[in-house]
Each structure stands twice: as structure tokens, then as C-alpha cells.
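Going down the list, the sequences are from chains A, B, C and D.
Residue 39 in the working numbering sits at position 39 of the first sequence, and the numbers go up by one each step.
Residue 186 in the working numbering sits at position 186 of the second sequence, and the numbers go up by one each step.
Residue 137 in the working numbering sits at position 137 of the third sequence, and the numbers go up by one each step.
Residue 1 in the working numbering sits at position 1 of the fourth sequence, and the numbers go up by one each step.
These are calculated hints, taken from the structure and not from any lab test.
There's no promise every hint is true.
In silico DMTMM-like cross-links for lysine to aspartate or glutamate, where the CA-CA straight-line distance does not exceed 20 Å [as the list claims (entries may be wrong)]:
id: 1; chain 1: C; residue 1: K40; chain 2: D; residue 2: E143
id: 2; chain 1: B; residue 1: K40; chain 2: A; residue 2: E45
id: 3; chain 1: B; residue 1: K40; chain 2: A; residue 2: E34
id: 4; chain 1: A; residue 1: K40; chain 2: A; residue 2: E50
id: 5; chain 1: B; residue 1: K40; chain 2: A; residue 2: D8
id: 6; chain 1: B; residue 1: K40; chain 2: B; residue 2: E50
id: 7; chain 1: D; residue 1: K40; chain 2: B; residue 2: D150
id: 8; chain 1: C; residue 1: K40; chain 2: D; residue 2: E181
id: 9; chain 1: C; residue 1: K40; chain 2: C; residue 2: E50
id: 10; chain 1: A; residue 1: K40; chain 2: C; residue 2: E181
id: 11; chain 1: A; residue 1: K40; chain 2: C; residue 2: E50
id: 12; chain 1: C; residue 1: K40; chain 2: D; residue 2: E34
id: 13; chain 1: A; residue 1: K40; chain 2: C; residue 2: E34
id: 14; chain 1: D; residue 1: K40; chain 2: B; residue 2: E50
id: 15; chain 1: D; residue 1: K40; chain 2: D; residue 2: E50
id: 16; chain 1: D; residue 1: K40; chain 2: B; residue 2: E181
Derived contacts from chain D toward chain B, CB cut-off under 8 Å, selection only [claimed, not checked]:
id: 17; residue: A23
id: 18; residue: L29
id: 19; residue: L48
id: 20; residue: F95
id: 21; residue: M99
By construction, the Cβ of each residue, glycine as well, lies at the ideal position given by its N, Cα and C atoms.
Number of protein chains: 4
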Amino acid sequence: MSKDQSTDHPLERLVFFSDAVFAIAITLLVIEIEVPDLPKGAPVEEFLHELGGLIPSFVGFLMSFAVIAAFWVTHHQAFALASRFSLRMLPWNLFLLGMIALMPWVTGFLSSNLNQLVPTAVYFGAFTVTALLNARLAFIATEIAAADPDQAAAARLIRMRCIGLAAGAATALAASFLLPENIRFMGLLAVPFWTRLLARGARSARASAPAEERPAE
Amino acid sequence: MSKDQSTDHPLERLVFFSDAVFAIAITLLVIEIEVPDLPKGAPVEEFLHELGGLIPSFVGFLMSFAVIAAFWVTHHQAFALASRFSLRMLPWNLFLLGMIALMPWVTGFLSSNLNQLVPTAVYFGAFTVTALLNARLAFIATEIAAADPDQAAAARLIRMRCIGLAAGAATALAASFLLPENIRFMGLLAVPFWTRLLARGARSARASAPAEERPAE
Amino acid sequence: MSKDQSTDHPLERLVFFSDAVFAIAITLLVIEIEVPDLPKGAPVEEFLHELGGLIPSFVGFLMSFAVIAAFWVTHHQAFALASRFSLRMLPWNLFLLGMIALMPWVTGFLSSNLNQLVPTAVYFGAFTVTALLNARLAFIATEIAAADPDQAAAARLIRMRCIGLAAGAATALAASFLLPENIRFMGLLAVPFWTRLLARGARSARASAPAEERPAE
Amino acid sequence: MSKDQSTDHPLERLVFFSDAVFAIAITLLVIEIEVPDLPKGAPVEEFLHELGGLIPSFVGFLMSFAVIAAFWVTHHQAFALASRFSLRMLPWNLFLLGMIALMPWVTGFLSSNLNQLVPTAVYFGAFTVTALLNARLAFIATEIAAADPDQAAAARLIRMRCIGLAAGAATALAASFLLPENIRFMGLLAVPFWTRLLARGARSARASAPAEERPAE
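Let's have the full structure, built from the sequences with the hints guiding it.
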């Protein structure tokens, strides 16, 4: 029995494959940032001007690095509670990875046209779809834990974080239609707002519950 | 003995290396999708028009994501039944990975020229070769399981899925010569048709067999 | 208890994800090296001339390969001493990986404009930030080991190496403003100087301490 | 003791990191193959003509896929015999990975100028250096096994394969200066010749030795 738990190879392989896709997508983001090539002996100002023109690319890189990292962290935490492989994880995990694999393209589209309506809406639209798939998968992965009194609080916390990501992404999508053009991508700030709010709710529910063992996050 | 089973490092490394190649190939697909770069302040219609022009690229991305994912799933399931490394796995696994590594190119060729005869035939031709290699490898990996009364049904199911993939790919290849140009790539639909048909056959044979333990898929 | 130590899945996954990002970043460096394409039958001299023009790209490749490898080695060594996952590792590890993922771009910028002030300063500036994040993370990862008399010396050695990397990077950054243009990137040599100096200090402190078990590095 | 052997984390991480670099390099090869983009409705002959022009790229892809796979296989086999991490593995492994990471560039250079002297010599020169590093590393990794009567024969076989790879690469390098231009890259055939010859020698030495347990390759 303990052997089953420590060597559930199909689950390990699923997690491993997912990690590889997360890692590749997060590292490919950099490919969308152009490398400026100036004539030899160009003055410092020209270099700084070129770098200034790349600011939207760096903004996109930072945003998407944070977004993919947030999805990886929730995947990491949800599957730390998953003690067994279930066939139901497979399609949702693959849909999620498909959206993660699209992130470098979505980021490139946003960076090349920062604050334009269509790219911003496409970016946050893709983010919202990804967050919904991520929440669906996290609910499946934490199903057994949620029914276990010792792990229920931890499972609830993770689920709330996933719902927070989805609520934040949806808010940012709506905001991209409502905000003035020069701060259109700022809707992203809804994500930390929602995830913290919901995580705090889950934690306070937990604090008021009787003492329980904290799972290894 | 139980130690052998839980720490067959050569097998683990083969599986790991394969997973990495699958993950990289599936994530590199996105590189073939061009990022539209419009002048600042371009109207919404122009953005939508540009996105419309990318539909073939997205179709190719989706198709190949599904195809690589299907190969990964059968690899995952076949090797979950493989309890030991065998040198015979090595060449077939490498041939399979070579074809998987080619998928981003084949996909780019299809997307740039969607529904043209040559790219469609090349795509489904490569798919057919990959599916045949995949089936050969899955038969080797499930050899021991197929001879074990407790696992024979599971092995048969996986093998039937692999044969279904190959039959579907071959049908799509034939269809790319026969279908009218504007729906030429639709031969892909033969894949779910064949895999479900054959999997159903394997499952009904299993249902009529005496009760047996279901393997951890 | 021994089971906990050998299968701390969250820690393993963190290390695994990090390794994947290190591996991808180090392999993507090659993408920044242009492939010369000469007309068929071009004379040998023209090929050699083209290769000569790529020397800055190869210098950049070598430098960044060594830099990423050095970070990977310290990560490897610090986490070999980390017996447990801690939530505090997570943000620092992600910040570090974000900087590692930027390395191919920073390298491309340096190679395209070798010895120019801005690209050299950007390169060593990014290197310094990465080294500081790496040191912060290594200190967290070796915290338990540093408090354990059997492992304290090993932990100190690793920490000194990380500080050496940061001191070397900062020296190279300062040197890029001070050195004459044609040897501007040579500040890199401060890195082996500092790391060896500090590692020697840590080792001599260790040699004078009472005999202790050497950890498996 | 058995625990030590099954969970030598530093060794596992070295192997894992290496596998990731091998996998990424082998999958990046495809990026060097151009995707032909023909006008809609171009005749079949034009597609075939374009594909014909890509034959050198496919030759390069196949060659380098085989070469990287051969290095991965010897790495796999040598480290299957390595029971413990040794610090001496680290630099040689990193040098080897650096050369593996260069393979996509070397391949692109060869493919763009197939059979030209300089690219062919550069290709086989890089191959020779890689094979020498690989042999050095394999000798270190199989050191303990070579001193163990039960594993000595297996260690010798792997070492002979590595020497065969180096001899084959060096022969191909020499041949690139001697062969007529239109079959210049054919020196590659020296590789299977040498590896088989030396492996046969190792195997016949083994067959004449007293019976011994075959290691899990």
C-alpha cells in the first residue's frame, strides 16, 4: 500500500510531462523578445533608445512568466494532494497544457501591440480559458483530499486559489474593454486581488476549524 | 524483486527521455504560428482580419497537439504495463521520437498550405509512419503484460488503440487523395472513428471474459 | 521518516522543474548563433571569413553556457543538502528561473554588439541580479544543513561559492564601465577568481575543524 | 546501503539534466528545416520541387538525430552502471552537453552547404570532440563497474562503443578532406563500421570469459 503511494508511475509521468511543458513554454517566452543589432560604435543613447522600444516585450515577458508560474504553482500544489492517478485527469490536463503551450504566441501578440484592444482581449481571453481548465483539473486532483478530514482545509485553499485565478482573469478580460487604452493591460492586477481575497477566506475558515495536520505543500 | 520493479532505472530513463521529446515537440508547435505586428492604432477590423488569416495555423496547431497527445497517451499506457527495460525497445522508441520531433515541421508545412494535396499527403504520410512505429513499440512494451492473465485485457485494449491510430492515419492519407480540396484535411476524423471502434471491440471482449483485476492505467 | 526524506515529492518537483528550465535555457543559447548560408561552390576562404564573423556569437555562447552551468551546479549542490520542501523556496526559485530564462536574450544582445558598453553592462547587470537571487535561494535551501554539525561545513562551502558568483558578477559589471572597450567583457574573469578565493577560505576553515562526515555532493 | 543505491539524488539529477539537454537538442534540429510556403493553388510539381530542395536539410536532420541518439544511448548505458555520483563526472558531463547543445547549429551549417569542405569538416570536427568527451565521461562513469568482476565485461563493451564512436568520427573528419565533393559527408559510414568492429571485439572477449551475470542494460 505504501509502495503504491510512493511509486504511482502513471501519476508521476503525468506530472513530469506537465512540468516539462510548463518549463518549455515559460522559457520560450524569451524568443519573442527581439535582439537589437546596432552598427559597431553606435552611441550609448541609441542603445538605450532601442532598449526603450523593447519595454512592451519585457512587460509581456514578465506578465506571462508570472501567469505560467502561477498555473505551475497551483498544479504543483493540487497534485501534491493527489494520491492516485485517475483517467479523468488526462483530458483536462492535456487541454490545460495546450493552452499553456499557446502562451508564447499570445504573449508575442500582446507585446507587439501592447494596449491595443484585440491583442489585450485575446490575451486575457486565453488566460481565462486556461484558468477555467486549471480549476477543473485542480478540483479533480484534490477530490480525494477534499473528502479526507485531515486534508480538506488544504484542498479548499488550493481550490480557492484556482477560482481566484479564474475570477482575476475574467475581470481582466472585462477590464480590457472598459479601461482607457494606455492602461488596458492593467486589468491583470485583478488577479492578485482575487487570489488573495479568496485564499484569505479559505484560510480564515480553516483557522476557525479544529486543529488539523497541515499537509506538506 | 519488488525493488527491481520500482527502480528499473534504464526503463525510467527511456520513458523520461521520451516524455521530454514529446513535451518539447508539442510546445514547439506554437513557433510555427506567426505573430501579427500591426501599426500602432490599427483598427479592430484589421486585427480581426489578421487573426482570420491565421486560422490555418491554429487548425494545424490543434490537429498536431491532438496527434502528439494521442501518441503520448498510448506511450504512457503501454509503458505503465512494461515492468522491465528491454534492449529491443530502444531502436523503435528512437525511430518514434525522430518522427515526433519532425511533427512541428510537418505541421508548419500543412498550415502554410492547408488543403493542398502535397502538404496534406506529407502530413498524413508522416502520421501513418509514426503510428506504425508507435504500434510496434507498444506491442514490445506490452509483451510481458499480454502473457499475464491479469493484464492481458489491458494490454489488448492498448494495442487496439495503437492499431486504431495507424488505421485512422492510413485512412486519412488515402482520403487526402480522394476528398475534394476544401475538406482535404478532414480525413483526420477517421482517427477517432477507428480508435473508438477498435477500443470498443477490445472492451467487449474483455467484458465477456471472467472478472479480472483492472490494471492501474 | 526515511520514507519522507526519500520521497519529498514537492521538493523533487521543484528541482525537476528548475532543471528543465536550466536545460532549455542552456540549449536555446545556440539559436542566437546565425547559420551562414553561402552560394554553392563558394571558396574555402569565404567560409572561414563567415565563421570568423561569428566569433562574437561563439564567445557569447561559451560565456553563457559556463554561467548557466555554474548556476545549475550551485543549485544542484544546495538542493542536495535540502532535505525538505519549504514554501519560502518557491518565490526565490521562480525569480531565479525567470532570470535564467532571460539569458538567451541577454546573450544575443551581448554577442550582436560585443564589447559595446550598454550590452556588456546589461549582460553583467543581469548576471549580478541572477547571482543575488541564486545566493538567496541557496541560503534558504541549506538552512537546515547549516544548523546540523555534520553538514555545516558543506553548507558553508556552497554558500561561499554562491557569494563568489555574486561578487564576480558585480566586479565584472563595474569593470564593464572601467575597462578599455576591446577587452570589456573580460571582467568575466573576476568570477573564477572570487569563487575560488571564497571556496578556498571555506575549505581551510573546514580543514581546521574536527573531522566530520563529507556530504554526498 | 540499498537505499543509497536507489536514491542517489545528485546522480539522478545529473542524468536527468543531461537527458533534458539531449532531448531539447534532438528536437531543436527540426527548427533548421525551412517550411516552404507556396502561393495558394501552386501545382503539385512545384511542391515536389520545393521538397526536393530540402533534401540536404533532411539528410542533416537524420544524421544528427542518429548522432545525438548514439551519444544518448552510450550515456544511458554508461550511467546504468554508475552506482554513485562523483564530482569528477560534473565537468566532463557539462563539456559534453555544451557540444550536444551546439549540434543544431553545426547541423544547420552542414545542411545549408552540404558537401562543401568547411561545413563538413566543422561538422565532423565537432562530432570528434563530442565523441572524445563522451568517451572520457563514459570511462569515469563505468570506473567502479570495470573493477567489479560481475560487471567488467559490460563496462568494457560500453567503453569500446564509445571508442568506436570517436574512431568513426575522426575517420569521417579525415575523409571529409579526402573524399570527392559529392560524397563528402559519406565518411559518416565509418561510425557504424568502427562501433560494430570494436563491440564485436569486446563481445568475443566476453564470450570466452567464464559465465557471468549480464547487467541490466
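Status of the hints after comparison with the structure:
no.: 1; hint: K40(C) <-> E143(D); result: violated (47 Å)
no.: 2; hint: K40(B) <-> E45(A); result: violated (24 Å)
no.: 3; hint: K40(B) <-> E34(A); result: holds (18 Å)
no.: 4; hint: K40(A) <-> E50(A); result: holds (14 Å)
no.: 5; hint: K40(B) <-> D8(A); result: violated (52 Å)
no.: 6; hint: K40(B) <-> E50(B); result: holds (14 Å)
no.: 7; hint: K40(D) <-> D150(B); result: violated (55 Å)
no.: 8; hint: K40(C) <-> E181(D); result: holds (12 Å)
no.: 9; hint: K40(C) <-> E50(C); result: holds (14 Å)
no.: 10; hint: K40(A) <-> E181(C); result: holds (12 Å)
no.: 11; hint: K40(A) <-> E50(C); result: holds (17 Å)
no.: 12; hint: K40(C) <-> E34(D); result: holds (18 Å)
no.: 13; hint: K40(A) <-> E34(C); result: holds (18 Å)
no.: 14; hint: K40(D) <-> E50(B); result: holds (17 Å)
no.: 15; hint: K40(D) <-> E50(D); result: holds (14 Å)
no.: 16; hint: K40(D) <-> E181(B); result: holds (12 Å)
no.: 17; hint: A23; result: holds (4 Å)
no.: 18; hint: L29; result: holds (7 Å)
no.: 19; hint: L48; result: holds (7 Å)
no.: 20; hint: F95; result: violated (20 Å)
no.: 21; hint: M99; result: violated (18 Å)
Going through the hint list in order, the structure does not satisfy hints 1, 2, 5, 7, 20, 21.
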